[in-house]
Amino acid sequence: MTDTGSPETASDTSSDAQEGTWANTLAAVEQRAQTDIGRRAMRARAAVATSLAGGRTVISRLSSMPPLTLRQTGPQTVYLVSTAAGPLGGDRLDLDLDIAPGTSLEVGSVAGTLVLPGSGESVMAISARVGAGAALRFAPQPTVLAAGCAHRLVVRLTLAAGARAFWREEIVFGRYGEAPGRCHARFDATYDGRPLLRQEYTVGGPAIDASPAVYGDARCIGTTLITPPPATPPVVTPSEAASEAVVAEGVAVLPLAGPGVLVSALATDAVALRRRLEWGEGIALGSLAGAARPT
Amino acid sequence: MGANHDDHHHAPAHHGRALRLGVGGPVGSGKTALVAALCRTLGGSLRLGVVTNDIYTTEDADFLRRAGVLDQERILAVETGCCPHTAIRDDIAANLDAVETLEDRFGPLDLVIVESGGDNLTATFSRGLADRQIFVLDVSGGDKVPRKGGPGVTSADLLVINKIDLAPLVDADLDVMARDAAAVRGDRPVLFTSIRQDPSASAVAAWVSEQALSWPHEPVSAA
Amino acid sequence: MAVNPALLLLTDSRLPAGGHAHSGGTEQAIATGTVHDLASLAAFLRGRLHTSGHVAAALAAAACALGEESSRTGACAQPWPEALGASRAEALGTSPTRSEALGALWILLDAEADARTASPAQRAASRTQGRLLLRVARRLWPSPTLDDLTAGPDLRCPGALDDLALAVPNPHHPIALGAAAHAAGASPEDAALAAAYHAITGPATAAVRLLGLDPVAVHGLLADLTPDLATTASDATPYSRPWAELPARSAPALDLLAERHAGAKVRLFVS
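Residue numbers (my numbering), protein chains in the order written: chain W, 2 to 296; chain B, 12 to 234; chain A, 4 to 274.
These are calculated hints, taken from the structure and not from any lab test.
Source: prediction; values computed, not measured.
Heads up, some of the hints might be wrong.
If you want the ones that stay clear, here's a sample from chain A, every Cβ over 12 Å from chain B, calculated [claimed, not checked]:
| id | residue |
| --- | --- |
| 1 | V6 |
| 2 | T100 |
| 3 | A209 |
| 4 | A226 |
| 5 | D231 |
| 6 | A247 |
Taking CB as the label site, the calculated pair distances span [claimed, not checked]:
| id | chain 1 | residue 1 | chain 2 | residue 2 | range |
| --- | --- | --- | --- | --- | --- |
| 7 | B | R77 | A | A5 | 55 to 61 Å |
| 8 | W | E245 | B | R207 | 36 to 42 Å |
| 9 | B | E111 | W | R157 | 38 to 44 Å |
| 10 | B | R138 | A | P230 | 38 to 44 Å |
| 11 | W | L286 | B | P227 | 52 to 58 Å |
| 12 | W | R157 | A | S102 | 42 to 48 Å |
| 13 | W | G178 | A | L41 | 48 to 54 Å |
Glycine included, C-beta positions come from ideal geometry on N, C-alpha and C.
Assemble the whole structure, with the sequences as input and the hints as a guide.
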């Protein structure tokens, strides 16, 4: 393990600007929430699929259903644009991503997701399949757990051998000064049919959340899974030798047993969380770039 | 017990593996200096490995590595979770694992020395870990220590009384120590030494060498 | 249900399997100040039990169940590949030996533990403890010899520990614990309970040593957690294959503590 500086000292200049943007975003989301609250539960399914045409990625399928609306903003880029508040309790939203072999897709979101209470549990289920030689970057804005919400987030990431992924998740425990509702997030990633990363986060049980073993005094958690270029052979033999991890205040860059690195961060606010994650992502991508690249 | 196992900790005198020598004794009595001296003196004739049990940090292992008495990879440090005596007596698993790791990596070896963390007079090595053990005292602890006995003093295969050059300064009577030790130890040997004055610890090294050479294992290499 | 006496042996801190030198992040939590008194230790232990302890319990139960399954099936070679999934069954060929097929299952279960342990330092600590436990357990509960097996149907595995050791010499600790529990005649729920208990007792003892806390007060914290131990064990037990669905509760603070500890210049405990 090495200690490579601190994310706190890096790129601090933009934090005020970031904070402003973040506050505006949240205000907009909340405003929409006020107008939409009390609507009926929704079930929606959205999907994106890519295919290879003449050696280039084309987005061959883009289907949306309110409140899950997708907009193509570039040849390989899609943004999630929420067209209603929520999810609210009772909503069930499904997002399917199918990245064909050899293609690339980037998914972002215009605003954070504010999870609100309603009748029953809200569910956001994301399923992504990334083919051989394909690349997926998934980096939406954070999910904010408003007071009283009951949310389930289910992510299934299926990577073919030689697939590359950058997958960021950020969860914020309530709006400013607000105690969060409940959330159960489950993330499962497999690589070439083998388990790569399985994680569950539960939020909303104060005795567990505040444990110095779990989140401590953090109010935001974030992870980024980065899988290496195809030239890096997957490690499948159980080995005791721990690969080099890097750790700094509130963030660790953790080489997984399989082919990938997890950046894991904790912070007291969303801006610090993003800063820590980005620092760790830089370390992870730097170390991955050092590995042999495909020619 | 399982006859179908090849686990080699069943027999106290297993043929084919190195002699395991425990070196124990109170803090500051000179265990690490003795281990360094043994490596220096025996390193040319015996194939060696060393396991240290620092109480805190890897200071002893680092000292030995810096002393350059042995190839660095042949020195492994084991953490003992505040309980050095547990690691050599009640739960020897981590030490056995380290010993076997050395034998796997560098074997066949003639001698593996396990140095315990500095502890009290009751700390002795389990026979499951050490085939022979040396207990190291020094004169500055007072000439009454051998008389007080304790399992380390009474049952160690060799009792080493170190720092005899300091005896006049601390008013320690070496004759008293020899007599008291003999009274509780019977025929088991006691050696007086000053590793500062004799950096090769020649008498102790001779005893260790004899133990290692008479241990039934693969022949010593013609080094 | 009567307590299985072997369970007492497996969970005894005096079991000579190297556990006394692991603090499970406690030493580093004390070094960074987040654990400093009884109340913060209580919160630490509770969080540890409900995250990594819960996962360990489920993995141990699954390992114990695999041991049971392997002994029930006896010498039968065929039922295994289907459980592995098509790709691995294919890799094994059309008629793997029982040992090959079982080995593939132990490797898969061990890989499920890997996928739930993002921190390399925690993986290393788990595998070290698993290896030491496996060695001890193989001596305490050796595989029945041929004579024992002819005595009649025996639910004890004819060599779950040997199967595991052959396939994964350095298994994750919960996997070794589950296999050992089975070899000792214990049930998956027993194995889960042992794993949950192990997740908090070592850290509690470490805190007594490092903070000089009143050992009776610390044992009081453990006593307070006994209902949680019971629910953890029963919640962690009903899972069967596919193992993908086993719990995976993460504790990001433990990951950070483990990596900081691995890089610390001064430390008393291995983990």
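Results of checking the hints against the structure:
At the 12 Å boundary, the C-beta of A:V6 stays outside the reach of chain B, the nearest C-beta of that chain being 23 Å off. Separation of A:T100 from chain B is adequate, the least Cβ-Cβ distance of about 18 Å exceeding the 12 Å criterion. Not every beta carbon of chain B lies more than 12 Å from that of A:A209, the smallest distance being close to 7 Å; the non-interface claim is violated. Residue placement check: A:A226 keeps its beta carbon more than 12 Å from all beta carbons of chain B (closest about 23 Å).
The non-interface label for A:D231 is consistent with chain B: the shortest C-beta to C-beta separation is roughly 25 Å, beyond 12 Å. In this structure A:A247 is separated from chain B by more than 12 Å, as the shortest Cβ-Cβ distance comes to about 32 Å. Under the hint 55 to 61 Å, the C-beta atoms of B:R77 and A:A5, about 57 Å apart, fit the expected range. Checked against the hint of 36 to 42 Å, the C-beta distance between W:E245 and B:R207 comes to roughly 41 Å, which is consistent with it.
At roughly 42 Å, the beta carbons of B:E111 and W:R157 sit within the given window of 38 to 44 Å. Against the hinted window of 38 to 44 Å, the Cβ-Cβ separation of B:R138 and A:P230 comes to about 42 Å, which satisfies the hint. Checked against the given bound of 52 to 58 Å, the beta carbons of W:L286 and B:P227, roughly 57 Å apart, stay inside it. Taking 42 to 48 Å as the suggested C-beta distance range, the pair W:R157 and A:S102 does not conform, at roughly 33 Å.
Distance hint for W:G178 and A:L41: a CB-CB separation of about 29 Å, inconsistent with the stated range 48 to 54 Å.
Comparing the model with each numbered hint stated earlier shows that hints 3, 12, 13 do not hold.
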